[in-house]
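*Asks:* Let the sequences and hints guide you as you build the complete structure.
Residue strings, one per chain:
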Amino acid sequence: MAVATIVVSEGALHGAEPPLDELVGAAQAGDRAALEALLERIERRVYRLAFRLVGDAGLAEDVAQEALLKICRRLSQYRRSMNFLGWTYRIVVNQAHDSRRSASRLPQLDRGAPGSFDPERQEQLRRVMEALKVLSEKERAALVLIDIEGLSSREAANAMGCLAITARTRAAQAREKMRRVLSRYYPELREAT
Amino acid sequence: MSENRLRDLLAVLPDEDESAARAARARRRALARLGAAAQPRKRRLWAPALATVLMALGLLWWREAQRAEPDLAQPLQQERLELHWVLSDGTRVQWVFAQDFSL
Numbered sequence: 001m002a003v004a005t006i007v008v009s010e011g012a013l014h015g016a017e018p019p020l021d022e023l024v025g026a027a028q029a030g031d032r033a034a035l036e037a038l039l040e041r042i043e044r045r046v047y048r049l050a051f052r053l054v055g056d057a058g059l060a061e062d063v064a065q066e067a068l069l070k071i072c073r074r075l076s077q078y079r080r081s082m083n084f085l086g087w088t089y090r091i092v093v094n095q096a097h098d099s100r101r102s103a104s105r106l107p108q109l110d111r112g113a114p115g116s117f118d119p120e121r122q123e124q125l126r127r128v129m130e131a132l133k134v135l136s137e138k139e140r141a142a143l144v145l146i147d148i149e150g151l152s153s154r155e156a157a158n159a160m161g162c163l164a165i166t167a168r169t170r171a172a173q174a175r176e177k178m179r180r181v182l183s184r185y186y187p188e189l190r191e192a193t
Numbered sequence: 001m002s003e004n005r006l007r008d009l010l011a012v013l014p015d016e017d018e019s020a021a022r023a024a025r026a027r028r029r030a031l032a033r034l035g036a037a038a039q040p041r042k043r044r045l046w047a048p049a050l051a052t053v054l055m056a057l058g059l060l061w062w063r064e065a066q067r068a069e070p071d072l073a074q075p076l077q078q079e080r081l082e083l084h085w086v087l088s089d090g091t092r093v094q095w096v097f098a099q100d101f102s103l
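So the protein lines, in turn, are chains S and C. Counting from 1, position 28 in the first sequence corresponds to residue 28 in this note's numbering; the numbering is continuous, with no gaps. Counting from 1, position 73 in the second sequence corresponds to residue 73 in this note's numbering; the numbering is continuous, with no gaps.
Careful, some of the hints might be misleading.
As the list claims (entries may be wrong) - Simulated restraints, written as ranges between beta carbons of each label pair: (1) S/119 to C/34: 35 to 41 Å; (2) S/80 to C/3: 33 to 39 Å; (3) S/83 to C/25: 25 to 31 Å; (4) C/48 to S/79: 30 to 36 Å; (5) C/11 to S/187: 17 to 23 Å; (6) S/137 to C/25: 24 to 30 Å; (7) C/5 to S/118: 16 to 22 Å; (8) C/25 to S/32: 16 to 22 Å; (9) S/21 to C/46: 33 to 39 Å; (10) S/32 to C/56: 34 to 40 Å; (11) S/187 to C/32: 44 to 50 Å; (12) S/134 to C/3: 15 to 21 Å.
Hints in this document: simulated from the structure, not taken from any laboratory. Even for Gly, the Cβ is constructed at its ideal location relative to N, Cα and C.
*Replies:* As structure tokens, this is what we get:
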């Protein structure tokens, strides 16, 4: 018995999303719908980065809100020669820096922690966030951008406003500190790399 | 291996649903603030236009009032105007204006 298999891509079913650059161009031209779609496309990335930089869900939401607003307001300054996500990351990193300085509250992981969240993962997250506190703000940004967000050291340096070698060094130092702190809970991290 | 393990640990995030909800809320608020910031700018454009129109209307009303003034002053031509002042030292002053407003 012959079976015919038809493969339909998700994009074909739901309508493929326009490329990011296309959305940016339309938003720059004043298309409000494109601006909203653009923000919708990057909002999670922005929030995730903000959360990792400030370590607090509530504060990260505030940072994300301010950063998204700045992205809207400064969109006319963005040039196609730049990397849009790199440009966005720079705004988020700067906003996180400003918010941490002005926020009187210290990062508290339990703020807004959901009840349905897997307790083991929650504990893991708590430990990581505790460990991140031993890092300086710059080390933390370098680690998050390079090791977690997967940016190249040049892109991370661009977002942080420093040299690529500086970003790489900061990330390496941060990695080492994190390994030292987290190896108390995860002995496998002691293994030589 | 420990490098990968560290990366896995660092990659852990709060609940995906909560993150998505917070991210969406941040976007909605940012867009609302962007809209609110644009509103006063529109108002700032309307304000001078409104002020100009009001001033023009005021000017028209004043000119009409000026034109109507001789009619109001008409009855005064039939009468004389007397002013009586008593100064603090007891001096009394009496001014009488005739029809042509000469003293």
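*Asks:* For every hint, state whether the structure bears it out.
*Replies:* Evaluation of the provided hints:
no., hint, in the structure
1, S/119 to C/34: 35 to 41 Å, "holds, 39 Å"
2, S/80 to C/3: 33 to 39 Å, "holds, 35 Å"
3, S/83 to C/25: 25 to 31 Å, "holds, 27 Å"
4, C/48 to S/79: 30 to 36 Å, "holds, 35 Å"
5, C/11 to S/187: 17 to 23 Å, "holds, 20 Å"
6, S/137 to C/25: 24 to 30 Å, "holds, 25 Å"
7, C/5 to S/118: 16 to 22 Å, "holds, 18 Å"
8, C/25 to S/32: 16 to 22 Å, "holds, 19 Å"
9, S/21 to C/46: 33 to 39 Å, "holds, 37 Å"
10, S/32 to C/56: 34 to 40 Å, "holds, 35 Å"
11, S/187 to C/32: 44 to 50 Å, "holds, 49 Å"
12, S/134 to C/3: 15 to 21 Å, "holds, 19 Å"
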